[in-house]
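J.: What follows is each chain in one-letter form.
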Amino acid sequence: MNTHANAVHDSTLEAQAAKVAVVSPLRTLYWSLRREFWENRSLYIAPLAVAAVFLFAFAVSISHTLHRIGRAPSLAPDKQLQAITTPYDLAAGLLMFTGILVGVFYCVEALQGERRDRSILFWKSLPVSDLTTVFAKAVIPIFLLPLLISVVSFALQWSMFFVASAALLATGQSVSMYWTQLALPQMSLLVIYHLVVVHGIWHAPFYGWFLLVSAWARRMAFLWAILPALAVFALERLLFNTSHIAAMLGRRLSGGASEVMTMPGTMPIHPATTHVTFLHFLFSPGLWIGLAVTAAFLAGAIRLRRYRDPN
Amino acid sequence: MACIEARGLRKAFGTTIAVDGIDLQVEEGRILGLIGPNGAGKTTALNAILGLTSFDGDLKVLGRDPWSERERLMRDVSFIADVAVLPRWIKVAQMLDYMGGIHPRFDRAKAEGFLARTTIKHTNKVRELSKGMVVQLHLALVMAIDAKLLVLDEPTLGLDILFRKQFYDSLLNDYFDGRRTIIVTTHQVEEIQNVLTDLMFIDRGRIVFRTSMEDFEARYFEVTVNPDRLEQARALKPIHERQVLGRINLLFEGVDRPRLAALGDVRTPSIADLFVAVMSHQPGRAQGAAL
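So the protein lines, in turn, are chains A and B. Mind the numbering: the first sequence is residues 0 to 310 in numbering that gives the first Met the number 0, read in order. Mind the numbering: the second sequence is residues 0 to 290 in numbering that gives the first Met the number 0, read in order.
Read the hints as simulated data drawn from the structure, not as lab findings. Values in this document were obtained by computation on a predicted structure and should not be read as measured data. Backbone N, C-alpha and C define an ideal beta-carbon position, used for all residues, glycine too. It is possible that some hints are incorrect.
[What the hints assert, rightly or not] FRET-style restraints, in silico, Cβ to Cβ:
#1 B:A11 x A:R302: 13 to 23 angstroms
#2 A:Y306 x B:D57: 44 to 54 angstroms
#3 B:D57 x A:R307: 20 to 30 angstroms
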């Protein structure tokens, strides 16, 4: 019969068994988040690559920029400002767009991929709850990705500023007008504020929805996430000849900026003409309805991950 | 306290009944082999034990309800459900960091010790490893967890014989300490015959046979009968009869060994032979049910 001669009955094992082994929830969340960045390196590679390409293009076309700066004093004050800040707006806008793309594709894959490659059987063999897992996957697009885009945008805008200033000095022009017009510190802060509040919190229901569909769909989660919305638009159009639902989604998608600050254009260009209305945002029903909807979507995703049979 | 206690465990998928009222008690320190044909309900039963699927009936694992307390239970239970379920994008070093980060009973030094015996490097990604190496990695991770219950569902499927042998050797030599409990399902029963302390056959969602290996070896004998003693041997009511290369092997239950020795060569049957014998006695099951 079995001779388990090498059975170890030493005292260290006893001691280990007696020790109450606990890992704090925060530590589990921290490692769950790190795991996501290991798996999805595009979360930071994509924005960095976009920033690098943009900075390169900006440096290569610096003579064009210098020309515009040189011409600025002869323009009307608002045109002056525009001539100087346009590349900075473009940089921030491009990074924001990148962030949205990366966030959406991340969410679509987040809960489907682990079922497709069956690695969910490994993840579920560990003492990490479905709640923690889904929460970590939601924190990425709703909180960490906007922060990351902010940091990259900040670095990009300051790099552009140094490149332009160095070029001005090298060609013997004055930097004083450029520096006073640009107000870069305030502009960077506005971009960060906009990203975290609008792209994270205001857009949260979209990410919640994509995660829910990712937990549910067996394949083609992206189509499943988009097509029902289009079907509902079409149905509303056919039945009532209205487009309230499309308008509502449109407001959610693009209306965030006007909730969190007032400004003349579409971008928080200049601090002098932009007013942060955070209190207004905090008390707007849109914020709280959005968060409630997000919570409902995430609760659905958690339930799906728990109830789906693994095989 | 029993490690696993189930009463009337049942699970249906629509009209298909995967597990049909299983009563089960597994004490601490046992190594139980769960054997059954494909679709017998083994994996479903294990999934219920691991909190991966909901179920009807009573089930307690280490005193907890696995469905409502999976996260808590997984501190004391580890499992390898199927080969090659490790995420393919992860690096070995990341895996060790992650396990150390989230698992209260993971001993990183131990895992590194096991890995040092293999050719797996810390910089390898799982996708760069062969199937056998992925299983080695998974086993190293699991053996570094100080768990009370380890569940292995077809852990060596598709591996070559060297890896399979090594797998069970490591498990016995480096992991099993007489107090942990191990449940294993496999189709390669001959490899675990000397590993198990308990044996259970499951068919169509029910347990059809169970024994400890001590009883198995004391109660069941296979005899290659001398042709001139065949009638005499058949009179002792063998539970199964098969022909191998023109010789007749009879399987007996509960017949004294000395009496059988007079009829021919006596030995302990293989689990596979006993399985075939038991299955052919199942109502509605054709002779020679395949493993």
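J.: Run every hint past the structure and note whether it holds.
T.: Checked hints:
Checked against the given bound of 13 to 23 angstroms, the beta carbons of B:A11 and A:R302, roughly 20 angstroms apart, stay inside it. For the pair A:Y306 and B:D57, the beta carbons lie near 20 angstroms from each other, so the given range of 44 to 54 angstroms is not met. For the pair B:D57 and A:R307, the beta carbons lie near 24 angstroms from each other, so the given range of 20 to 30 angstroms is met.
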